[in-house]
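Participant: Take a look at the letters that make up each chain.
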Amino acid sequence: MQSEKKLTKEDTWRPAELRRHIREKDSSERYSRHREDTDRTRREGESMERRHRDPDREKLKEKKLRHGDTGDRYAEQKKDRSYDRRSEKDRERRGEEERKKQVGDARNYRETILDKEYFREREKQKDRHKYKEKDREKVRERHSEDWERRREDREKERRREEREKEHRRERRRHDESEVRRDQTEKLHREPGDRQHRGTHDDRRRDKDIQEAKRRSEQSEDRDKKQEHRRNNEERERRHKERRHHDEKDERESKERREFKKTDDEVRNSHGNRKQTEREKQKERHKKEEEGAERRHKDRGHSEVAKEDLERDHGEKRSSRKSQSDKSLRHEKMEEETKVEKAELAEEEYEEDFEDYEEDFEDLDESAEETEDEVHDGKEEQTAQPSKEIESIRRAMAEENERAGTAQSRRSIDREEEEHVSKGSERNQSKISRHGKFIDFVAAKQREVSQKAAAKQKKRGAELLHLIDLDFSLTCSLLDIPPVSEYEMYIKSFGNANTKQAYVQCNEDNTDRDVQTEEIEICEKWTQHPPEFSGACGDPNFSQEAQDKTRDELILDSQQLMSFLDSASQVMVVLLEEDQAERKSLRKLTTQTDSLSFSDGSLQLNTTLPFLSGRQISLVHFSQGQKHTMLSVHMPKVQASTPHLDSCSMVCVWNIWEPSRPQKILIYEAEIQCCCFSPGKSTLVFAGTQVGSVVLWDLRENSSNHYKLKIGEDEWTFRHPTFSTDAVMSSPGHASPVASVEVIPSFVAGGLRAEVPLLAFEEGLSFQLASLDESGMLNIWVVVELPKGNEAGSLTDLGLRPGGKVKLLHSSSLLTVQRPLLKVAGTARPFQTMLLKYHPTDSNQFFIGTNLGLVSHGTSHGLKTPPQFYGFQEVEERTVDINSIHFSPFRPNLFLVGCADGSIRLHTVNHEQPVAEWKNSTAGEPVISAQWAQTRPAIFSVLDAASNLHIWDMMKDDAQPLITKKMSTDGVTAMAVFGDSGHQNTYSGIALAHESGKIELHYFTPTLTVLNPTEEKKLESIMTEAF
Amino acid sequence: MVEVEGSDSYLIRPNHQHKFKPTIVKEYIHEILRERLSGVLYDPESVPELTRSLAEAVKDKVKNAGFDKYKLIVQVIIGEQRGQGVKMSSKCLWDADTDNYAADVFMNESLFCLVAVFGSYYY
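Chains as they are written, first to last, in this note's numbering: chain A, 142 to 1167; chain B, 26 to 148.
Hint data in this document are derived by calculation from the structure and do not stem from the laboratory. Ideal Cβ placement from N, Cα and C applies to all residues, glycine included. Keep in mind that the hints are not guaranteed to be accurate.
Stated by the list, open to error - Here are a few chain A residues that face chain B, going by a calculated C-beta distance under 7 Å:
(1) L604
(2) L610
(3) T615
(4) S617
(5) L619
(6) D620
(7) I621
(8) P622
(9) P623
(10) V624
(11) M629
(12) I631
(13) S633
(14) F634
Chain A on its own, in the form it takes in the complex (with noise of 0.2 Å):
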């Protein structure tokens, strides 16, 4: 950088320079001769020297000795241009040996002391310069005149260490102009310190040169002030070719010989030979001027001295603290004093190097110069042997570190980049006075900047052709959750070593319910065409079935009870059928003789202890079930037994069962008359000659009634459900009741015998009348109550307690007219004797009386004429009627029985009879007349001399077909049978013995086998009479 400037300012300052070697040369030229000696003297100490001095002394003394040299050479560089250097410095060694013996033996010798004294100290401090040291020593003693020679070899030996200090040159090659100029100033300061160290020549010498300083000081001072314009570049010209002198100098000590050849060996290699022509043109212009400046400086030297010298000292010491201080003080030239004397300092360091002109001829610009400069400086302070050096040179090796890591970094175009760092100080200062030079450097700068960008543009776009850029997928970096209310609750006020948990106790105490059904399966068979039993089928069936009856059978039990009962009936009925058949049979055969009319008999059993002795009042069929019979047993005549000899009985029967009786009921008075209820025969209706009315369940069950035990069977005796006895108060019979007579249901015509069955099962819903001797009818209603009490009924006196059916008194009429009454009482007390009603009219009934009349009444409504049935004859005659019967085959038709033995046939129409048969029975009283059920033209008669006539108006109508005397036995009672019913038709008689037994007669079959002309017979019979 250095080196460019120069080259820089060559250009610019070389006017102004050559002005001032113009003035300056008056001044040398005066003080030329004094120059001469003085530089003469110093070359022929420095030629000593050189072999035998510190680098630091020969500066010193140069330092001196230049203003002389330069002076000197100048003008010896006029002379002879064109010499090569060897015949220069020959030249110079010769002009150095005019001038020693000149100027002084004296000063000579004086420096020689000096030089003694410093060396010993060096010889302390150095130790790598030993050996140049002793060399040193020996050219000292010896003091030979041929020392170029042996400088020569020596600097052979030399030039291998200074290759290696080339290498720390190399190093330093960018140290700046201050480094150097501080270098310089040690330099200038170095005369002081040997000042202080005492030695009055010392300071002698330092005042000389203080006052050459001045002297130089003030010339550049005058020109400067002259050349206001004159800049930087002039001066570092200056600088340059003043250290060329320096080196000069120096090379004359060994030190410099060294970097000469080093220098040599660069110029050798950079071979600029004409421009360092150049530059020694240059060089000697400068120390043309030197030398003025410095016969300048001798002039006034004497005078100044003194003063110069301690404030060059003040001031070398101040402007070495800063150096940037310095370079700016270089810079601004025209100011203070201070500024001044830095600049003198560094002028005379760099009149110094003036001496080197001639070696670094062929020195161009290149940083080898500085580089060289600044080993120079550093020799120089090695030389030192001051500790200020010493640290010194630690701030120039750092700074050297730091320009060359600089350096480093810019290769490129290390030189610009070098300029504008130095200098920019400088530079900005130069800016202002020199703006187009500036412009350069910046241009270049953008130029390379531009470069470099486009460079990296290039580069960037060709990179992205090969790269594929993307976003990246979001990627989460951090996710803390918020801390929830609960767990800061917990962390804060929560206790530290607990912890809340929850535990379900009992897990395993688990219900389990299924809810599946179970699967039925039934296997089913399928047969086509079907053969055998069937087409389909179940092989289960059969067990199902009973499985199923079983469970129906025990579900109705009731039902089963009841069939169970009927079947067991029926069941009896047919075993005792078959064993009565079978002892009948032999009977039959024996008394078919006795009896012509009887197909065969069977008897009832009637042989029992309690029925044994009584006689038979009453023989009575119901007409609902045909089979079934009731007897009325009348009291004992003397009663053995006096509780039960005293009742009457009845016993109710059925026909097919003769051994026992299926009822036995009993009564304490004597029972008149008796009658079955409608239909099913489940009531047994009596009248009483007490005047009552009594009832008997069959339904009841038999252990709620007296039991007793007669040998080995067990017999039931039932008392009365209910006996109207009891109700006194109520209207019931006074006198003895005659007849009770079930009304039947149906006012006229319909079924007969269907209607009333209904009636009754469904409810007891029928009416009962009951005629007393008084002729007082009373009709009652027959309730059935839901509920028997057990415990007899408060308001029921008469009612059997557990008893359900009760008679309910409906109402009452006298059916005795006044005519009769009137009649009866002429003769006697009127009697009715006998009730019955109309079979299909309930409106309609007849009343026997005792005085041989049928009375004809209704219950309500209009009366029906005739009032009376009576004989043909129109004459009355109190005769009793013992017997009416209805024919079953024509409701109209009626027999009437009276006690002297006639018969009439009425028609309910008629008051006449359709037919009258009177002394039939040869005046026997008629007990009882009564149709046959299958035939309607046969009737049979039983009187009172126990005759049975049996009539068959078909064969005759005049008298009965057969009459037969039951002589051995009498009969007391006789009652018709029978059942035209469509399998089994049968009809008979049974007949009450006197002797208590009760035989059933079969009528044979002409009289029993209905035949078809006899209703026809009977109608014409009924149209004749009328």
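Guided by the hints, dock chain B onto chain A, whose structure is given.
Facilitator: Below, chain B without anything else, positioned relative to chain A:
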């Protein structure tokens, strides 16, 4: 940044052994965080400095891991744990073949610290 001057050939893919490996980096981060932050309480005064030093430490460590030609970006975030929810995410425009990132989180009673290292390949 080695650049072959004058020629237009570029090294646009790192060698496998020099590739940015998130698992390794994550381990580094984890170690450093554990060493430096275990038992540390959140202190607003010192945390800025702590983040810087952590970033430096992580950067140095990762630099020595031998990911050549990688530019590294180290992001350190330290926050106080106060029960608040925090959500952070990043999105990058980069060359997914070469570039990658590694992140690790350290948490203790008083603070959480997230370190994310993004490695971007310099071609």
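Participant: Do the numbers back the hint for I621/A, that is, is its least Cβ distance to chain B under 7 Å?
Facilitator: With a minimum Cβ separation of about 4 Å from chain B (threshold 7 Å), the hint on I621/A holds.
Participant: Taking 7 Å as the limit, does the beta-carbon of M629/A come near enough to a beta-carbon in chain B?
Facilitator: With a minimum Cβ separation of about 6 Å from chain B (threshold 7 Å), the hint on M629/A holds.
Participant: Minimum Cβ distance from L604/A to chain B below 7 Å?
Facilitator: 5 Å, holds
Participant: The hint names V624/A as touching chain B; please verify it with the least Cβ-Cβ distance against 7 Å.
Facilitator: Status holds, d = 4 Å.
Participant: Is the interface hint for S617/A satisfied, with its Cβ closer than 7 Å to some Cβ of chain B?
Facilitator: 5 Å, holds
Participant: Given S633/A was flagged as interface, is its beta-carbon under 7 Å from a beta-carbon of chain B?
Facilitator: 10 Å, violated
Participant: Quick check on P623/A please, does its C-beta sit within 7 Å of some C-beta on chain B?
Facilitator: Hint holds; P623/A Cβ to chain B Cβ min 3 Å, cut 7 Å.
Participant: L610/A was flagged as interface toward chain B. Is the shortest Cβ-Cβ separation under 7 Å?
Facilitator: 6 Å, holds
Participant: Holds or violated: I631/A as interface residue toward chain B, Cβ cutoff 7 Å?
Facilitator: 12 Å, violated
Participant: Can we keep the P622/A interface hint, with Cβ of chain B closer than 7 Å?
Facilitator: 5 Å, holds
Participant: Min Cβ distance, F634/A to chain B: is it shorter than 7 Å?
Facilitator: This interface hint is violated because 14 Å lies over the 7 Å limit.
Participant: Is the hint on T615/A kept, meaning its closest Cβ partner in chain B is under 7 Å away?
Facilitator: Status holds, d = 5 Å.
Violated hints for the displayed structure, listed by number in ascending order: 12, 13 and 14.
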